Amino acid sequence: MPLIELKDLSVRYGEIEALRGISLSVEAGEVVTLLGANGAGKSTTLRAISGLTKPASGDILFEGRSLAGLGPEQIVRLGIAHVPEGRRVFPGLTSRENIMLGASNRSGVSKSDIAREADAMFDLFSDIRPFADALGWTLSGGQQQMVAVARGLMAKPKLLLLDEPSLGLAPVIVSKVFDIIKEIRRMGTTVLLVEQNARMGLSVADRGYVLETGKLVVSGNPSELWNNEDVRAAYLGGHARAS
Amino acid sequence: MDLVYQLLFTGIGIGSVYALVALGFVLIFRATNVVNFAQGEFSMVAAFLMVIFAVDLEWPYWLSLILSLGGMAIYGALFNLGVYYPLRHRTYLPVIISTIGASILVTNSTLALYGPQPQVLSNLLDFQGINLGTVFFDSQYLLIIGVTIVLVAFQYWFFEHTLLGKKLQATSQDKEMASLLGIPVAAMIMITFVYSAMIGGLAGILVAPILFVSIHMGGTIALKAFAATIIGGFGDVAGAIIGGLALGVIETFGAAYVSVPYKDGFAFLVLVMFLVFRPQGIFGERVAEKA
Numbered sequence: 294m295p296l297i298e299l300k301d302l303s304v305r306y307g308e309i310e311a312l313r314g315i316s317l318s319v320e321a322g323e324v325v326t327l328l329g330a331n332g333a334g335k336s337t338t339l340r341a342i343s344g345l346t347k348p349a350s351g352d353i354l355f356e357g358r359s360l361a362g363l364g365p366e367q368i369v370r371l372g373i374a375h376v377p378e379g380r381r382v383f384p385g386l387t388s389r390e391n392i393m394l395g396a397s398n399r400s401g402v403s404k405s406d407i408a409r410e411a412d413a414m415f416d417l418f419s420d421i422r423p424f425a426d427a428l429g430w431t432l433s434g435g436q437q438q439m440v441a442v443a444r445g446l447m448a449k450p451k452l453l454l455l456d457e458p459s460l461g462l463a464p465v466i467v468s469k470v471f472d473i474i475k476e477i478r479r480m481g482t483t484v485l486l487v488e489q490n491a492r493m494g495l496s497v498a499d500r501g502y503v504l505e506t507g508k509l510v511v512s513g514n515p516s517e518l519w520n521n522e523d524v525r526a527a528y529l530g531g532h533a534r535a536s
Numbered sequence: 325m326d327l328v329y330q331l332l333f334t335g336i337g338i339g340s341v342y343a344l345v346a347l348g349f350v351l352i353f354r355a356t357n358v359v360n361f362a363q364g365e366f367s368m369v370a371a372f373l374m375v376i377f378a379v380d381l382e383w384p385y386w387l388s389l390i391l392s393l394g395g396m397a398i399y400g401a402l403f404n405l406g407v408y409y410p411l412r413h414r415t416y417l418p419v420i421i422s423t424i425g426a427s428i429l430v431t432n433s434t435l436a437l438y439g440p441q442p443q444v445l446s447n448l449l450d451f452q453g454i455n456l457g458t459v460f461f462d463s464q465y466l467l468i469i470g471v472t473i474v475l476v477a478f479q480y481w482f483f484e485h486t487l488l489g490k491k492l493q494a495t496s497q498d499k500e501m502a503s504l505l506g507i508p509v510a511a512m513i514m515i516t517f518v519y520s521a522m523i524g525g526l527a528g529i530l531v532a533p534i535l536f537v538s539i540h541m542g543g544t545i546a547l548k549a550f551a552a553t554i555i556g557g558f559g560d561v562a563g564a565i566i567g568g569l570a571l572g573v574i575e576t577f578g579a580a581y582v583s584v585p586y587k588d589g590f591a592f593l594v595l596v597m598f599l600v601f602r603p604q605g606i607f608g609e610r611v612a613e614k615a
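Keeping their order, the protein sequence lines are chains A and B.
Residues are numbered in our numbering as their position in the first sequence, beginning at 1, plus a constant of 293.
Residues are numbered in our numbering as their position in the second sequence, beginning at 1, plus a constant of 324.
For the record, the hints were derived by calculation from the structure and aren't laboratory data.
Possibly wrong hints are sitting among the right ones.
Going by beta-carbon spacing under 8 Å, a handful of chain B positions derived as facing chain A [to be verified]:
1) Ile398
2) Pro442
3) Val444
4) Gln493
Pairs of lysine to aspartate or glutamate residues, derived as EDC-like cross-links and limited to a Cα-Cα distance of at most 20 Å, are as follows [as the list claims (entries may be wrong)]:
5) A:Lys449 <-> A:Glu308
6) A:Lys300 <-> A:Glu505
7) A:Lys404 <-> B:Glu484
8) A:Lys347 <-> A:Glu308
9) B:Lys499 <-> A:Glu505
10) A:Lys347 <-> B:Glu500
11) B:Lys499 <-> A:Glu378
12) A:Lys347 <-> A:Glu310
13) A:Lys300 <-> A:Glu356
14) A:Lys451 <-> A:Glu308
15) A:Lys469 <-> A:Asp416
16) A:Lys300 <-> A:Asp352
Bear in mind that the values here come from a model prediction, so they are computed numbers and not experimental data.
Just so you know, even glycine gets a beta-carbon here, dropped at the ideal spot from N, CA and C.
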């Protein structure tokens with residue numbers, strides 16, 4: 294049984310069909326990357342899984358159980374953490390406080406345990422340790438991204454949803470972020486990663502899917518996708534990425 | 325010089341009331357992004373509850389105080405469920421109209437029950453006050469200042485040093501992200517309304533022996549508190565306190581040295597000057613909402 298399975302999932306925003314019947318699955322322990330251009334429906338897929346957006350039809354099964362009718366607060370309690378696009382670090386809280394709040398989905402954990410776990414996160418994300426007590430809005434984009442990922446990991450998720458972790462970051466920071474994703478993968482956390490940066494996205498993945506205007510067009514392992522002529526032309530080449 | 329000290333004391337006392345109400349204002353504004361136009365009625369309803377328990381039923385003051393504050397907690401919860409919660413996914417305009425409607429409803433219901441005559445509530449403490457030199461420290465003003473200091477200290481501790489306080493802050497900064505982390509957003513907003521109604525109510529009870537208890541006290545207090553938040557910097561907690569105190573002092577000195585009938589006018593003159601020359605307030609843009 295896959296950890297998560299999307300069955301013929303459709304999402305509408307008013308008149309616009311953002312997702313048109315997509316089906317995909319992620320096995321426990323896998324890192325799966327969802328590729329596609331702007332507006333293809335990548336973020337919408339993640340928002341539907343975490344309960345921010347209600348599907349128009351279709352179903353999402355997590356550990357065999359339907360997520361239909363559950364809100365984001367319930368879904369994160371089941372073990373799905375969503376690190377959304379734009380990082381969404383709380384601007385008026387410090388890095389440490391942001392990270393500590395990542396454990397809000399777990400009940401019965403004491404504040405001192407949470408503080409200890411948050412401190413351990415600064416071992417994994419050593420670049421942000423000096424900024425542990427800096428307010429969120431003062432952090433750079435890369436630092437915010439690391440806080441956001443650390444906050445997601447504090448949920449102790451079975452499935453981590455990462456939306457465009459490379460967006461707006463300098464190349465050297467992007468490779469740092471992807472080093473962390475490799476580390477997360479090594480720790481055995483299942484990841485569903487959304488990326489426009491196909492090269493980086495596929496470099497950490499076991500499998501990939503390509504979305505095009507709300508439909509899945511191709512899937513496979515990274516080398517298959519990398520060598521697929523249509524995919525190369527549309528997503529891995531230069532001309533389509535700018536759109 | 326003694327007059328200056330006397331006025332300063334009185335000004336800080338009345339300013340503390342504005343600060344408390346402004347604090348409740350800011351908390352709800354930050355949690356819901358909506359200005360609650362029925363904020364002043366929190367103070368009025370609490371003062372009338374106090375009149376019911378302490379004057380009409382002649383129950384002891386301490387019991388009346390506990391019952392009134394308990395009543396305000398329930399009032400805040402019902403206010404949230406009736407006025408805000410059904411409209412929480414709408415834009416700010418329907419919510420604002422809803423709070424204005426609530427203000428009119430509550431004011432006129434009170435008018436129907438108690439009539440237009442102001443009610444009198446005596447000082448909460450038994451002693452009148454103390455004289456230091458020629459300055460008289462009225463017990464009611466001392467009580468107001470003391471309670472305000474304790475409440476502000478409590479609130480600072482609560483928001484800065486408890487996980488629940490951090491969750492409330494997170495909710496006010498980004499509700500969608502808070503819900504993604506598993507923070508129960510609806511419960512956080514409920515706590516905010518209950519707490520806001522209680523501190524607004526406490527302000528009303530404290531000021532009741534100084535002003536009269538009337539259906540109009542809510543409107544006056546809310547306008548002053550609103551002015552205080554603008555002077556301090558809209559949405560800023562420290563700004564609400566400083567703005568409230570400043571407003572109390574300014575209007576007290578204005579009344580003493582310029583004109584008593586225009587007492588309320590000074591507050592709004594200051595408000596207009598801030599809106600023209602420093603619309604972001606004293607503490608405005610101190611915490612930039614970037615990201």
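Structure-based check of each hint:
At about 25 Å, the closest approach between the beta carbon of B:Ile398 and any beta carbon in chain A exceeds 8 Å, and the interface hint on this residue is violated. The interface hint given for B:Pro442 is violated, since its Cβ lies 42 Å from the closest Cβ of chain A, which is over the 8 Å cut-off. Violation of the interface hint for B:Val444 is found here, the shortest Cβ-Cβ separation to chain A being roughly 43 Å, above the 8 Å cut-off. This hint holds: B:Gln493 has a C-beta 6 Å from the nearest C-beta of chain A, less than the 8 Å allowed.
The suggested pairing of A:Lys449 with A:Glu308 is violated, with an alpha-carbon distance near 37 Å, which exceeds 20 Å. Between A:Lys300 and A:Glu505 the alpha-carbon distance is near 17 Å, which keeps this suggested pair within the 20 Å criterion. A threshold of 20 Å between alpha carbons decides the hint, and for A:Lys404 with B:Glu484 the separation of about 14 Å falls inside it, so the pair holds. Proximity of A:Lys347 to A:Glu308 is assessed by CA-CA distance (about 15 Å); at most 20 Å being required, the pair is judged to hold.
With a C-alpha separation of about 30 Å, the suggested pairing of B:Lys499 with A:Glu505 is violated against the 20 Å cut-off. At most 20 Å may separate the alpha-carbon atoms for a hinted pair to count; A:Lys347 and B:Glu500 meet this at roughly 14 Å. Distance hint between B:Lys499 and A:Glu378 is fulfilled; the C-alpha atoms sit about 15 Å from each other, no more than 20 Å. Using a Cα cut-off of 20 Å, the hinted pair A:Lys347 and A:Glu310 holds, with the two alpha carbons roughly 13 Å apart.
Distance restraint check for A:Lys300 and A:Glu356: the Cα-Cα separation of roughly 14 Å lies within the 20 Å cut-off, and the hinted pair is therefore satisfied. Between A:Lys451 and A:Glu308 the alpha-carbon distance is near 34 Å, which puts this suggested pair outside the 20 Å criterion. With a C-alpha separation of about 14 Å, the suggested pair A:Lys469 and A:Asp416 falls inside the 20 Å cut-off, and the hint holds. Pair hint A:Lys300 plus A:Asp352 holds up; C-alpha atoms about 5 Å apart against a cutoff of 20 Å.
In this structure, the earlier hints numbered 1, 2, 3, 5, 9 and 14 are contradicted, and the remaining ones agree with it.
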